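A.B. asks: One line per chain: the protein sequences are Y and C, in this order.
Each residue of the first sequence is one higher than the one before, counting from 188 in our numbering.
Each residue of the second sequence is one higher than the one before, counting from 188 in our numbering.
Hints were generated in silico from the structure; no laboratory data involved.
Please read all numbers here as calculations on a predicted model, not as lab measurements.
Each hint should be verified, as a subset may be incorrect.
Note: identical chains are not told apart, hence a pair may lie in one copy or across any two.
The calculated DSS-like cross-link candidates involving lysine-lysine, where the alpha carbons are at most 27 Å apart (straight line), are [what the hints assert, rightly or not]:
no.: 1; residue 1: 397; residue 2: 240
no.: 2; residue 1: 267; residue 2: 338
no.: 3; residue 1: 573; residue 2: 473
no.: 4; residue 1: 573; residue 2: 504
no.: 5; residue 1: 556; residue 2: 573
no.: 6; residue 1: 455; residue 2: 504
no.: 7; residue 1: 524; residue 2: 455
no.: 8; residue 1: 343; residue 2: 308
no.: 9; residue 1: 240; residue 2: 316
no.: 10; residue 1: 522; residue 2: 275
no.: 11; residue 1: 416; residue 2: 403
no.: 12; residue 1: 191; residue 2: 455
no.: 13; residue 1: 573; residue 2: 191
no.: 14; residue 1: 234; residue 2: 191
no.: 15; residue 1: 552; residue 2: 573
no.: 16; residue 1: 267; residue 2: 285
no.: 17; residue 1: 524; residue 2: 556
no.: 18; residue 1: 275; residue 2: 310
no.: 19; residue 1: 420; residue 2: 275
no.: 20; residue 1: 308; residue 2: 524
Below are the chains, spelled out letter by letter.
2 protein chains.
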Amino acid sequence: MLLKNRLFTPGPTPLLPAAQTAMAAFTMHHRTADFRALYMRVLADMKDFIGTKNDVLIVASSGTGMMEGSVSNLTSPGDKVLVLTAGKFGERWRDLAKAFGCTVELINKPYGETFTLDEVKQKLTPDVKVVFMQANESSTGTRHDVQGIAKLVREKGDDVLLVVDAITGLGTTHMDVDAWGIDVIIGGSQKALMIPPGLAYAAVSDRAWKRMETTKNPRYYFDLRKERKASAKGESSYTPATSLFAALGAALDFVRQMGNGDVAAGRKALVDNAELAAEMTRAGAKALGLTLFAKSPGAALTAINAPDGVDSSAMVKEFRDTYSAIVANGQGEMKGKMIRIAHIGYYDYMDTIGILAALEHVLAKTSGKPVALGSAVKAAQEVFAKAQSGKVAELAGVKS
Amino acid sequence: MLLKNRLFTPGPTPLLPAAQTAMAAFTMHHRTADFRALYMRVLADMKDFIGTKNDVLIVASSGTGMMEGSVSNLTSPGDKVLVLTAGKFGERWRDLAKAFGCTVELINKPYGETFTLDEVKQKLTPDVKVVFMQANESSTGTRHDVQGIAKLVREKGDDVLLVVDAITGLGTTHMDVDAWGIDVIIGGSQKALMIPPGLAYAAVSDRAWKRMETTKNPRYYFDLRKERKASAKGESSYTPATSLFAALGAALDFVRQMGNGDVAAGRKALVDNAELAAEMTRAGAKALGLTLFAKSPGAALTAINAPDGVDSSAMVKEFRDTYSAIVANGQGEMKGKMIRIAHIGYYDYMDTIGILAALEHVLAKTSGKPVALGSAVKAAQEVFAKAQSGKVAELAGVKS
Chain Y
188 MLLKNRLFTP
198 GPTPLLPAAQ
208 TAMAAFTMHH
218 RTADFRALYM
228 RVLADMKDFI
238 GTKNDVLIVA
248 SSGTGMMEGS
258 VSNLTSPGDK
268 VLVLTAGKFG
278 ERWRDLAKAF
288 GCTVELINKP
298 YGETFTLDEV
308 KQKLTPDVKV
318 VFMQANESST
328 GTRHDVQGIA
338 KLVREKGDDV
348 LLVVDAITGL
358 GTTHMDVDAW
368 GIDVIIGGSQ
378 KALMIPPGLA
388 YAAVSDRAWK
398 RMETTKNPRY
408 YFDLRKERKA
418 SAKGESSYTP
428 ATSLFAALGA
438 ALDFVRQMGN
448 GDVAAGRKAL
458 VDNAELAAEM
468 TRAGAKALGL
478 TLFAKSPGAA
488 LTAINAPDGV
498 DSSAMVKEFR
508 DTYSAIVANG
518 QGEMKGKMIR
528 IAHIGYYDYM
538 DTIGILAALE
548 HVLAKTSGKP
558 VALGSAVKAA
568 QEVFAKAQSG
578 KVAELAGVKS
Chain C
188 MLLKNRLFTP
198 GPTPLLPAAQ
208 TAMAAFTMHH
218 RTADFRALYM
228 RVLADMKDFI
238 GTKNDVLIVA
248 SSGTGMMEGS
258 VSNLTSPGDK
268 VLVLTAGKFG
278 ERWRDLAKAF
288 GCTVELINKP
298 YGETFTLDEV
308 KQKLTPDVKV
318 VFMQANESST
328 GTRHDVQGIA
338 KLVREKGDDV
348 LLVVDAITGL
358 GTTHMDVDAW
368 GIDVIIGGSQ
378 KALMIPPGLA
388 YAAVSDRAWK
398 RMETTKNPRY
408 YFDLRKERKA
418 SAKGESSYTP
428 ATSLFAALGA
438 ALDFVRQMGN
448 GDVAAGRKAL
458 VDNAELAAEM
468 TRAGAKALGL
478 TLFAKSPGAA
488 LTAINAPDGV
498 DSSAMVKEFR
508 DTYSAIVANG
518 QGEMKGKMIR
528 IAHIGYYDYM
538 DTIGILAALE
548 HVLAKTSGKP
558 VALGSAVKAA
568 QEVFAKAQSG
578 KVAELAGVKS
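In isolation and in its complexed conformation, chain Y is listed as follows:
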C-alpha cells in the first residue's frame, strides 16, 4: 500500500503539525523585542511543562550537550560522583563524568534491570557530590525509581546533588521535580514536545546554582551561569536556534490546549496518553506471546524481545519496507535482539493500534510461524476500552 513516513522511534518523534507550520513560517531575528518576548514566554511555559519553579535554560544542542553541561558545571576534577547505569544512556553519564576527571562510582546493573533503593543507599557515601541517573533508560525501555532515589539523596542533605536525564522521561512519566528535590532535570526537543532535534532543556535548583560558585571544571558553550544571566533578559548566550523556538512555542500552546488552558495539566494529559499507549502495546505484545526486555517498563517506549530464532533487524527492515514504520532496533550488543516502539508525544489511538497490527504481520513474516491476526490489536483494544470507562489510572499503575 501507499507509504506514509511513520516514526515510532524514541526520538525523533512524530512532529506536531502546528509546530511545523510555525517553524516553517518563522523569520524573526533573535536580537529583537519580539523574539525576547517569545523567549520569555517559552521559558515560563517550560517551567509548567517540567513542573518546577526552578530556572529553566534552553540551549541549541542535542540532549547530550546539556548532560555535558550538568557535569562540567557541577563538578571539579577529582570529585566523587555516583552514576547509576543499566543501559547505553547510563553509560553516557559514566563517560561524561570520566571525561571531566571525576572519580566515578558506579551502580552497574545489567541491561533491562533497574536499581534497588538498598543498592543506592549503600553507594551513597558522604563523599559523593553528584548522583547522575536516567528517569527512563531509552536503550532498554526501563523506568527507574526517580522518586525513591531522590528521597535517599535528599536525606543526605544539600551537599549532594541529583541530576536526572529525563530526555525521554519528560512528558512520559509523572514527576514532581521540586517536591522530590531534583537538582537538574534535562530534556530534549525531539521527544515529548513533538518538535525536531536541536534544543536541550534543563531546570536547575538553587543548590545546583550554589555548587557552580566553587566548581572548577572548564566550560564555555554550556556555561549555565552565563546562560542564566542571558535568559533573565530573554536572550541566549550564543545564537539561539530561532525556528525551533517558534516550534516549541506552538508545541507548548498545544500542550496548554490539551490541559484546557493549563500547560501543567496538559503535561499530565500527555503522560497519561503515553501510559495508555504503552499499556496497550504491552498487552498487545503479550497476546502475541512476546516478552518485554525491561523488568520495570516505562511509558516512553516498549522494548520487545525478538522471539527465538528471529533477528530483530529483519523485523525493523520489514516494518520499514512494508509499512514505512520506523521502529528502533536494540542498540550496541542488543542489536538484533529487540525492537523498541515509542509512545513519546504525538501518538493517538490509531497510531497505537496500527503499529500493533503491523507487528502481527511482521512477526508472521520474520518468524515463519502462524500468528493469530488481530490478537495483539484485540488485547490493546480491551485496554483502551477499560481506560475509556475510567479505569486508565488503575491500568497504567499511575497515581497522578
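Since chain Y is already given, all that's left is putting chain C on it; use the hints.
C.D. replies: Coordinates of chain C only, in the frame set by chain Y:
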C-alpha cells in the same frame, strides 16, 4: 487519548505533506514565465493522471463548477439530455441540465443501486445529445459501469456525448478515457490528488470541442473554449488559484514517484491502493455483521448501513469525539442511516486498520451490544496478507 485530526470523508481527503509545504512556500505571480512553465507541466502531468491525450483544463472552482461548465458549453436550451441518477450527485446533473433549459430524460434508480445496460440502451434514443453520469456516486458508495455505458454511447455515433463526473472516481477507479470514448471527464483537487479544495479539472474530447461551436447556452467564467486558448499558452482566463497549482505540482510528483517515474503508473498504483483499502474495509464491516449500502460498491468509499436501532449520526459523533476521526454521515434522506468511510488518495495500511478498530468500539458504544474486538481488524488483515502474497488484483476484482 491525544486527538489527531483524521479525515475519512470522501473529500476533502488527507493532505499530502509535500503538497502542503509546496503550497505554504509558494509566492509566484501568475503572469510570469516561471508560473507558465509550472502550469504547462501540471497540464501535461494531468493528462497522464487522467489517462488521456485530450486537452486538460483546470479552473478555480469546486468540482460542481466544471459540471456546470460541461452543461453550459455542450448544450443549447431545449436539447434533450439523458441523466443517469441514483444518488445526490446524479441529481446534481439533473438540476444543472434543468437550470440550463435542457429537456431532461432520466434513468432514476433508487439510492444504492446502479443502471443496467438495458435501461441505458432503451433511453438512449437518437435525439439524446449528451449523457451525464457519475463514475462513482459518492452519496451511496456505488461504482457505475462507465465502460459499459460508454460503449453504448459510442455505438450511437459522434452526435451524442458522454460526460462523466469522476470527481471521486479519478484515482480510485481504473478507466481508459480515450479508448472508452469519454468526451468530458471531470475531477476535483480535494480528492485522490491529496490537496485542498479549490480546483476542478476536465479532459475534453475533439467531439466535445466540435459541439461547442454550435451550442447556445450562456457561459462566461466556465467558457471552456476560452480556457483552452489560454491554457495553450500556460495561462488561465482568470486569476488561477496559484498556491493550489504549487500543491498540485507536488502531488503529481508524488504520484510519479509512486509509479517509479511515470505518472500514469502512479495513478494505477493509487487506484490499487484504494481498491485494497476498500476491500479491507468491506471485509471488516462484514465481519462485524454490518451490511453495505451499495449493491455495486466502488473503491472511493464504503457506505456502511447503521445497524437496526442505531442512528448513524451518533456513530459519526462518537468517531469525532473519541478518535477525532471525521467519517461522513448519509446525505439528505440517508442521514442517520449510514456512515461513509473514504479510501480516496492518501491512505495507508495503518489508516485503514485504525478506522476499523475504532469502528468496533463505536459500534459497541452506539448499539449497546457486545462487539468482538479485533474481528473487523482481523478480517481486514487477512485481506491485506493475501494481497501481500500477490493476490491483490484477484481480491479487488480489478483487471489493470
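A.B. asks: Give a verdict on every hint.
C.D. replies: Quick rundown of the hints versus the structure:
no.	hint	verdict
1	397 with 240	within (16 Å within a copy, 77 Å between copies)
2	267 with 338	within (20 Å within a copy, 87 Å between copies)
3	573 with 473	both (17 Å within a copy, 25 Å between copies)
4	573 with 504	between (33 Å within a copy, 20 Å between copies)
5	556 with 573	between (31 Å within a copy, 16 Å between copies)
6	455 with 504	between (34 Å within a copy, 26 Å between copies)
7	524 with 455	neither (33 Å within a copy, 39 Å between copies)
8	343 with 308	within (10 Å within a copy, 94 Å between copies)
9	240 with 316	within (23 Å within a copy, 78 Å between copies)
10	522 with 275	within (12 Å within a copy, 56 Å between copies)
11	416 with 403	within (19 Å within a copy, 78 Å between copies)
12	191 with 455	between (29 Å within a copy, 18 Å between copies)
13	573 with 191	between (30 Å within a copy, 21 Å between copies)
14	234 with 191	between (35 Å within a copy, 26 Å between copies)
15	552 with 573	between (31 Å within a copy, 13 Å between copies)
16	267 with 285	within (10 Å within a copy, 90 Å between copies)
17	524 with 556	within (18 Å within a copy, 42 Å between copies)
18	275 with 310	within (21 Å within a copy, 76 Å between copies)
19	420 with 275	neither (37 Å within a copy, 62 Å between copies)
20	308 with 524	neither (33 Å within a copy, 66 Å between copies)
Hint check: violations occur at hints 7, 19 and 20; the rest are consistent with the structure.
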